[in-house]
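Peer 1: Generate coordinates for the entire structure from the input sequences, incorporating the hints supplied.
Listed below are the residues making up each chain.
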Amino acid sequence: MGQWQFHTPVGVADLLPRECAAKRQVEQRLRDVFCRRGYQEIETPGIEFYDVYAAGSDTVPQEGLFKFFDEQGRILCLRYDGTVPAARVAATLCRDNPVPLRLAYIGNMYRYNEYGGGKQREFGQAGIELMGSDAPEADAEVIATAIEAALAVGIEDLQVSVGQVGFFHGLLAEWQIDGADAALLPQLIDSKQQVALDELAERLGLPDRARSVMRLMSQGLGSETELNELATLVRHPLALAALENLRAVLSILDDVQVRPYISVDLGMLQSLNYYTGVIFKGFTYGLGFPLFSGGRYDGLVRSFGRDLAATGFSMGTSLTLAALQRQGKTIGAWSRPVRLGYLPGQHKKALRTADSLRRDGLAVSCDPVESAAAWLAHNPDGPVLLVDARGEPVWLREVTTDA
Amino acid sequence: MLELTIALAKGRLADQAIDLLEAAGTDCRVVRAPSRKLILTDEQAGLRFIMAKPADVPTYVDYGAADIGIVGKDTLLEENRSLYEVLNLGFGACRMCVCGPENLAGRLDSIPNKRVATKYPNIARAYFEARRESVEIIRLNGSVELAPLVGLAEVIVDIVESGRTLRENGLAVLDTIASLSARMVVNRVSMKMKADRINPLIQAVRRQLDQAGRTAP
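Those protein sequences? They're chains C and G, same order as listed. Numbering (the numbering used here) for the first sequence: 1 to 403. Numbering (the numbering used here) for the second sequence: 404 to 620.
Worth flagging that the hints you see were computed from the coordinates, not collected in a lab. All residues carry an ideal CB built from backbone N, CA and C; glycine is no exception. Take the hints with a grain of salt, since some may be wrong.
Claimed, not checked - List of simulated lysine-lysine pairs, BS3-like, C-alpha gap at most 27 Å:
| # | chain 1 | residue 1 | chain 2 | residue 2 |
| --- | --- | --- | --- | --- |
| 1 | C | K348 | C | K119 |
| 2 | C | K119 | G | K597 |
| 3 | G | K517 | C | K119 |
| 4 | C | K329 | G | K597 |
| 5 | G | K456 | G | K522 |
| 6 | C | K23 | C | K119 |
Stated by the list, open to error - Under 10 Å between C-beta atoms, here's a sample of chain C residues computed to sit facing chain G:
| # | residue |
| --- | --- |
| 7 | E122 |
| 8 | A152 |
| 9 | E156 |
| 10 | D157 |
| 11 | S161 |
| 12 | G179 |
| 13 | L184 |
| 14 | L188 |
| 15 | K192 |
| 16 | S218 |
| 17 | Q270 |
| 18 | N273 |
| 19 | Y274 |
| 20 | K281 |
| 21 | F289 |
| 22 | L291 |
Unchecked claim - Chain C is nowhere near these chain G residues, computed Cβ spacing over 10 Å in every case:
| # | residue |
| --- | --- |
| 23 | D422 |
| 24 | R432 |
| 25 | S485 |
| 26 | V489 |
| 27 | R498 |
| 28 | D512 |
| 29 | P524 |
| 30 | S537 |
| 31 | R570 |
| 32 | N590 |
| 33 | R591 |
| 34 | K595 |
Peer 2: What follows is the structure, given as structure tokens:
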């Protein structure tokens, strides 16, 4: 006899009616935003071959995957993210679809090594992928969609940092850095380790303007002026093209009036093997982690056999709920079902009353009077309706919606 | 005003951190007052101090329970969390070293499957993994120098300040893994959302450090 039958495994949790309703609300609003912009939802399996993630992405560590075997001994894993399966679909089943391809997904993801602080091993994510365009318009569209999505679920205090990893690749080429230092440098910039950066610059004998570039990057920019300053400090065409591309994206974001949410941060240098262009992260109060993140990943779909430039983002639905809760906000109203209780002999009348209420759009459950009485005593609120001895409906507690 | 939460590592590091913050113009009276409280709030200044175990400071900051943390680089290396490490505060300087009997110097890799005793299993593992050496990590909670003396391990990975404990126990530094000192770390979200409060604080502390650096002998 086991002792674990009362528990759920580490990193997963039950969602009770109130939280579950809130999560569905979040999902529905995101679905609406994606749908209105022409993103079509797909559902990929909860289980993939390990090879999909091994081939598809350098950023998925094998320790992060929940793994098991099929009957032929092949390694399977639980869905780790929405992007890699979407890339697989785009390159295989949707091979002949014209581009750009706009896909959306909403579902639970499973990560073995992420747990704690609002992060669970099973968590909800919603996201979109725009495949088949490398234009700045596509990058801007995805960023604007992410912002609209956050606003749609009630996250108003929003800060979006936008970077461009191509700029860093240009720097590596210009400063002729490779090997271990090429791996160390992005870590130091990304974690803003100014002193260690100065030491590295010293050791590599980099010119003063390189140090200025590192300082500007690690401090996180924000204004267009600093972007211009940066452009005067670099020479490599890759770096200059990246800045130009970033400017183009920012200019479109200005046109669609989401620029106030955005600051520039060229120091975001995580997942360098995966992202290839403009990247972004969305932050809000109450969460220690980004609410959403995304960017351009032009190499991924190619590893499934179709060369498609692509960009996308994903947003945590479970994280959204945590953020809303910590910000003291609720998503929409939560309406409890009407508990209808009927006196003996009135079942038929009760069913008729219930059906009529349901036609009006109410949720109604129907039980003998004892259950309704118990509900009235047990629950401080929630509507209760009695069908009395004459078969007449009597409201014991009226329908209200609360926040 | 948005409240700013600073996590301090209880002990000597916290005292030095408070001295520095005060010198940089932050009102730290609430932490100065003798108290056993673990959270000290200065409502007027919108400041909150958390007194945490050193090893827990990166955790508080990573999860956003604290916006800023002041903690030793040893703890940061061991915890390996995704934080902004904005300032090297200089104090608490020491080294993370591999130590063992003197006769092992220069031939560490000659022992297959070394046993390594340490309070810092992650740092030790990462060091030997980078050297492509397989090791057995034995996690201890203190007086790690004992391990090679009683045959529990061949070498240890530990903090070395003066090296006196090592010498008195017949051990020597075989390799230095990293130089350590206290750091100021910032949560990645706080850095964006509370930039108006955090950036001036960083700049004030940096100015103070520069000044102290110039006047030091």
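Peer 1: Each hint needs a verdict: does it hold in this structure or not?
Peer 2: To see whether the hints hold, each was checked on the structure:
1. Using a Cα cut-off of 27 Å, the hinted pair C/K348 and C/K119 is violated, with the two alpha carbons roughly 49 Å apart.
2. At most 27 Å may separate the alpha-carbon atoms for a hinted pair to count; C/K119 and G/K597 meet this at roughly 22 Å.
3. Straight-line distance between C-alpha atoms of G/K517 and C/K119 comes to about 36 Å, which puts the hinted pair past the 27 Å bound.
4. Distance check on the hinted pair: C/K329 and G/K597 sit about 20 Å apart at the alpha-carbon level, within 27 Å; holds.
5. The straight-line distance between the Cα atoms of G/K456 and G/K522 is roughly 15 Å, inside the 27 Å bound, and the hint therefore holds.
6. In summary, the hint linking C/K23 to C/K119 is supported, as the alpha carbons are separated by about 15 Å, within the 27 Å threshold.
7. With a least beta-carbon distance of about 18 Å to chain G, the hint placing C/E122 at the interface is violated under the 10 Å criterion.
8. Hint on C/A152 is violated. Least Cβ distance to chain G is approximately 20 Å, over the 10 Å limit.
9. With a cut of 10 Å, the hint placing C/E156 at the interface with chain G is violated, because the nearest CB-to-CB distance is about 13 Å.
10. At its closest, the beta carbon of C/D157 sits 7 Å from a beta carbon of chain G; the interface hint therefore holds under the 10 Å criterion.
11. A cut of 10 Å between beta carbons decides the hint on C/S161: the least distance to chain G is about 6 Å, and the hint holds.
12. Among the interface hints, the one on C/G179 is violated; its C-beta lies about 13 Å from the nearest C-beta in chain G, farther than the 10 Å criterion.
13. A least Cβ separation of about 12 Å between C/L184 and chain G goes past the 10 Å threshold, and the interface hint is therefore violated.
14. With 10 Å as the threshold, the beta carbon of C/L188 comes within range of chain G, its nearest partner Cβ sitting at about 9 Å, so the hint holds.
15. This hint holds: C/K192 has a C-beta 4 Å from the nearest C-beta of chain G, less than the 10 Å allowed.
16. Among the interface hints, the one on C/S218 holds; its C-beta lies about 9 Å from the nearest C-beta in chain G, closer than the 10 Å criterion.
17. Residue-level restraint check for C/Q270 holds (minimum Cβ-Cβ distance to chain G is 8 Å; threshold 10 Å).
18. Using the Cβ-Cβ criterion of 10 Å, the hint placing C/N273 at the interface with chain G is not satisfied: the shortest such distance is roughly 17 Å.
19. Hint on C/Y274 is violated. Least Cβ distance to chain G is approximately 16 Å, over the 10 Å limit.
20. The criterion of a C-beta within 10 Å of any C-beta in chain G is met by C/K281, whose closest approach is roughly 8 Å, and the hint holds.
21. With a least beta-carbon distance of about 7 Å to chain G, the hint placing C/F289 at the interface is held under the 10 Å criterion.
22. Below 10 Å, beta-carbon pairs count as interface contacts, and C/L291 has one with chain G at about 9 Å; its hint therefore holds.
23. The Cβ of G/D422 lies farther than 10 Å from every Cβ of chain C, with a closest approach of about 20 Å, so its non-interface assignment holds.
24. Look at G/R432: its CB is around 27 Å from the nearest CB on chain C, clear of 10 Å, so calling it non-interface holds up.
25. Non-interface call for G/S485 relative to chain C: violated, since the shortest CB-CB distance, roughly 8 Å, does not exceed 10 Å.
26. The claim that G/V489 lies off the interface is violated: its Cβ sits roughly 5 Å from the closest Cβ of chain C, which falls inside the 10 Å cut-off.
27. For G/R498, the requirement that its beta carbon stay farther than 10 Å from each beta carbon of chain C is met, with the minimum near 16 Å.
28. No beta-carbon of chain C comes within 10 Å of the beta-carbon of G/D512; the shortest separation is about 19 Å.
29. For G/P524, the shortest C-beta to C-beta distance to chain C comes to about 16 Å, beyond the 10 Å cut-off, and the non-interface label holds.
30. Even its closest Cβ contact with chain C, about 18 Å, leaves G/S537 beyond 10 Å, as expected for a residue assigned away from the interface.
31. Consistency note on G/R570: stated as away from chain C, and its beta-carbon is indeed over 10 Å from all of that chain's, at 29 Å minimum.
32. With 10 Å as the threshold on Cβ separation, the claim that G/N590 sits away from chain C is violated: the shortest Cβ distance comes to roughly 6 Å.
33. With a least CB separation of 8 Å from chain C, G/R591 falls inside the 10 Å interface cut-off, contrary to its annotation.
34. Distance check on G/K595: its Cβ comes as close as 5 Å (rounded) to a Cβ of chain C, failing to clear the 10 Å threshold; non-interface status is violated.
When held up to the earlier numbered hints, the structure conflicts with 1, 3, 7, 8, 9, 12, 13, 18, 19, 25, 26, 32, 33, 34 and fits the remainder.
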